[in-house]
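First to last, the protein sequences are chains A and B. According to full-length UniProt numbering, the first sequence is numbered sequentially starting from 1. According to full-length UniProt numbering, the second sequence is numbered sequentially starting from 1.
Hints are computed from structural coordinates only; laboratory data are not their basis. Note that the structure is a prediction, hence the values are computed from the model and not measured. Don't take every hint at face value.
Because identical chains cannot be distinguished in the list, a pair is counted as satisfied if it fits within a single copy or across any two copies.
Straight-line Cα separation of at most 20 Å, SDA-like style, residue types lysine to any residue; simulated pairs [unchecked claim]:
| id | residue 1 | residue 2 |
| --- | --- | --- |
| 1 | K109 | E13 |
| 2 | K331 | T101 |
| 3 | K109 | Q140 |
| 4 | K331 | D341 |
| 5 | K72 | C357 |
| 6 | K189 | E112 |
| 7 | K213 | G32 |
| 8 | K350 | M1 |
| 9 | K287 | A338 |
| 10 | K109 | K189 |
| 11 | K72 | E322 |
| 12 | K287 | V157 |
| 13 | K251 | K319 |
| 14 | K72 | D2 |
If you want the building blocks of each chain, they are given just below.
Protein chains: 2
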Amino acid sequence: MDVVVEPGIGWMELNEYLEPYGLFFPLDPGPGATIGGMCATRCSGSLAVRYGTMRENVINLKVVLANGEVVKTGSRARKSAAGYDLTRLIIGSEGTLGVITEVTLRLQKIPEYSVVAMCNFPTVKDAADVAIATMMSGIQVSRVELLDEVQVRAINVANGKNLPEVPTLMFEFIGTEAYSHEQTLIVQKIASEHNGSDFVFAEDPEAKKELWKIRKEALWACFAMEPNFEAMITDVCVPLSRLAELISRSKKELDSSSLVCTVIAHAGDGNFHTVVLFDPNDEKQRKEAERLNHFMVHAALDLEGTCTGEHGVGTGKMKYLEKELGMEALKTMKRIKAALDPNGIMNPGKLIPPHVCF
Amino acid sequence: MDVVVEPGIGWMELNEYLEPYGLFFPLDPGPGATIGGMCATRCSGSLAVRYGTMRENVINLKVVLANGEVVKTGSRARKSAAGYDLTRLIIGSEGTLGVITEVTLRLQKIPEYSVVAMCNFPTVKDAADVAIATMMSGIQVSRVELLDEVQVRAINVANGKNLPEVPTLMFEFIGTEAYSHEQTLIVQKIASEHNGSDFVFAEDPEAKKELWKIRKEALWACFAMEPNFEAMITDVCVPLSRLAELISRSKKELDSSSLVCTVIAHAGDGNFHTVVLFDPNDEKQRKEAERLNHFMVHAALDLEGTCTGEHGVGTGKMKYLEKELGMEALKTMKRIKAALDPNGIMNPGKLIPPHVCF
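Could you build the full structure based on these sequences and the hints that come with them?
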């Protein structure tokens with residue numbers, strides 16, 4: 001239940017290859033993502049609520065360091081207590097410590113059965129509360145995604161659909177047929193206790209694919225609303241218990257903005273995205289998009305969250321790291337960077353803010 | 001669903017505290033283990049097959065570095081892509097990089113229902129094959145532990161029981177009542193397809209406790225067989241597909257030894273322990289115990305495994321690290337160690353073999 005790949009393979013290509021074996025790699029970020037990039041950014045996706053992130057699904061990797069040495073970070077065993085966790089050090093290092101050349105991935109069995117469900121709510125808070133209650137119920141839900149009414153409107157516009165333009169939760173339950181049904185009923189009950197309505201679910205493979213398409217094409221649906229605009233996609237993550245509050249605070253700001261903004265959350269992880277559409281030729285709009293992004297990052301940090309749930313730091317999020325992690329953590333990172341890349345040749349100018357020194 | 005603790009609290013004490021909240025910390029190593037030590041050694045236990053190891057269950061931690069600086073390694077969010085994974089760097093560093101002073105742990109809901117099952121097999125290979133088939137079936141088993149016939153004999157001697165002295169698997173299935181039963185039936189069928197017999201299971205809390213006691217007290221049962229002896233407890237881990245072979249190779253060696261040796265495996269992870277009993281006053285026996293340990297580590301390394309699945313490195317396993325990881329990986333660890341502890345004051349002489357230099 002593992003596979004060794006080179007970094008340039010896409011996760012979708014990999015899963016096509018694995019399907020005849022009844023196995024899959026359980027991460028589903030954006031469709032173009034490659035395994036190497038997924039490692040470098042410590043990414044995740046909608047399945048993380050059950051299967052974890054890149055952090056949990058890489059057994060070992062090969063990395064070429066700045067001095068040309070090739071390191072294999074671990075054995076093929078699922079568990080090891082053999083020294084420093086170099087695998088996890090490289091995952092999320094965004095190319096600043098080395099170039100990943102090979103990855104051993106942990107695979108999962110394709111679920112025997114699954115049910116996809118959808119439910120409407122009067123407010124985003126109701127939807128968030130149901131996501132949290134589902135997590136607290138002990139059900140190991142496979143996906144729980146939250147879309148706000150603006151996102152649903154975008155989907156209607158893009159696909160010529162007629163979905164109720166209200167906050168919506170989408171679930172996936174997996175397991176045996178009986179257990180998938182049982183989970184569906186449990187969550188239907190939870191939803192009804194939080195003003196949920198129009199709970200629908202699908203079991204037929206084509207019907208499930210159609211239903212889930214709604215979520216998968218959310219970003220492109222946004223562009224359908226404003227075809228010549230760019231999108232600033234925000235990404236923050238907070239403790240589960242703070243998600244409802246984060247979304248409320250953010251919605252107030254987003255709804256009163258002149259820009260069109262949609263909300264998509266991996267609700268079971270407390271991970272929250274906004275798609276902010278702006279005219280790239282209008283400097284005022286670009287600044288407003290940045291202001292909204294800034295607002296949400298600070299709201300998340302105030303709620304003990306992180307400025308980046310799964311998208312990485314790059315250059316754009318360096319400015320938030322000191323507030324999130326503190327200077328001591330950044331100095332520690334810089335020491336490690338200096339030890340492994342003394343000449344600063346590996347993806348310079350990224351990840352560690354330039355003002356950090358030790 | 002998280003809790004902040006100081007490192008000296010035992011996991012059992014913590015779980016007593018959490019029980020009224022319906023939550024627990026899902027790692028179960030030896031009974032005396034404290035959270036700090038569990039972090040430092042990257043330990044796990046029988047529940048890792050479902051819930052993961054320390055690696056997966058720590059959200060952040062506070063560590064005091066060699067220079068006195070206090071670092072908090074991350075926010076309270078479940079997922080983060082904010083820079084180097086300092087949390088995972090410290091976990092498993094065995095005190096060589098800093099002193100852990102505070103840990104934020106990820107908690108799970110206490111399962112609604114559970115079933116404990118036990119089954120006998122004619123050979124250890126049959127038992128291992130059933131463990132593997134159970135993992136491959138997609139069931140997220142909560143525990144699957146393998147005991148060999150010598151271990152069962154020890155349990156009989158210690159507890160005055162009359163269990164068949166044959167290779168035995170013990171399972172725990174969790175979820176809703178219906179799903180727990182469903183999993184039990186699926187695995188019963190798998191067991192019967194691999195010469196399994198005497199499949200029994202318990203649902204009543206007291207009966208489950210009694211049944212699981214067999215596994216929990218395995219080590220002390222060994223001492224009952226040889227009350228004045230010491231035990232060398234080995235710990236290796238291999239890819240799941242190599243477990244049956246590792247156990248076969250090891251059993252040949254163990255059975256032909258003059259010493260009493262028992263096998264206990266966290267079979268779902270490929271993690272395999274032997275308890276080798278020896279007279280501490282008999283140098284020949286001590287050397288034989290070491291020889292057996294050495295044999296099993298090398299067998300595991302030959303099967304792409306690790307010399308230490310969950311017990312750490314300390315001094316005893318340093319000699320295997322170069323064969324397992326290669327000199328480049330060890331030099332990388334040394335560089336990190338030198339960067340964070342230039343004066344070598346943090347638990348000197350441990351983890352990184354002394355001959356490694358860069």
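Each hint, compared with the structure:
no.	hint	in the structure
1	K109 / E13	within (17 Å within a copy, 36 Å between copies)
2	K331 / T101	between (28 Å within a copy, 19 Å between copies)
3	K109 / Q140	both (15 Å within a copy, 10 Å between copies)
4	K331 / D341	both (15 Å within a copy, 13 Å between copies)
5	K72 / C357	between (29 Å within a copy, 18 Å between copies)
6	K189 / E112	between (24 Å within a copy, 17 Å between copies)
7	K213 / G32	within (16 Å within a copy, 50 Å between copies)
8	K350 / M1	neither (35 Å within a copy, 33 Å between copies)
9	K287 / A338	neither (35 Å within a copy, 44 Å between copies)
10	K109 / K189	between (29 Å within a copy, 19 Å between copies)
11	K72 / E322	between (31 Å within a copy, 12 Å between copies)
12	K287 / V157	neither (26 Å within a copy, 76 Å between copies)
13	K251 / K319	neither (23 Å within a copy, 57 Å between copies)
14	K72 / D2	within (16 Å within a copy, 33 Å between copies)
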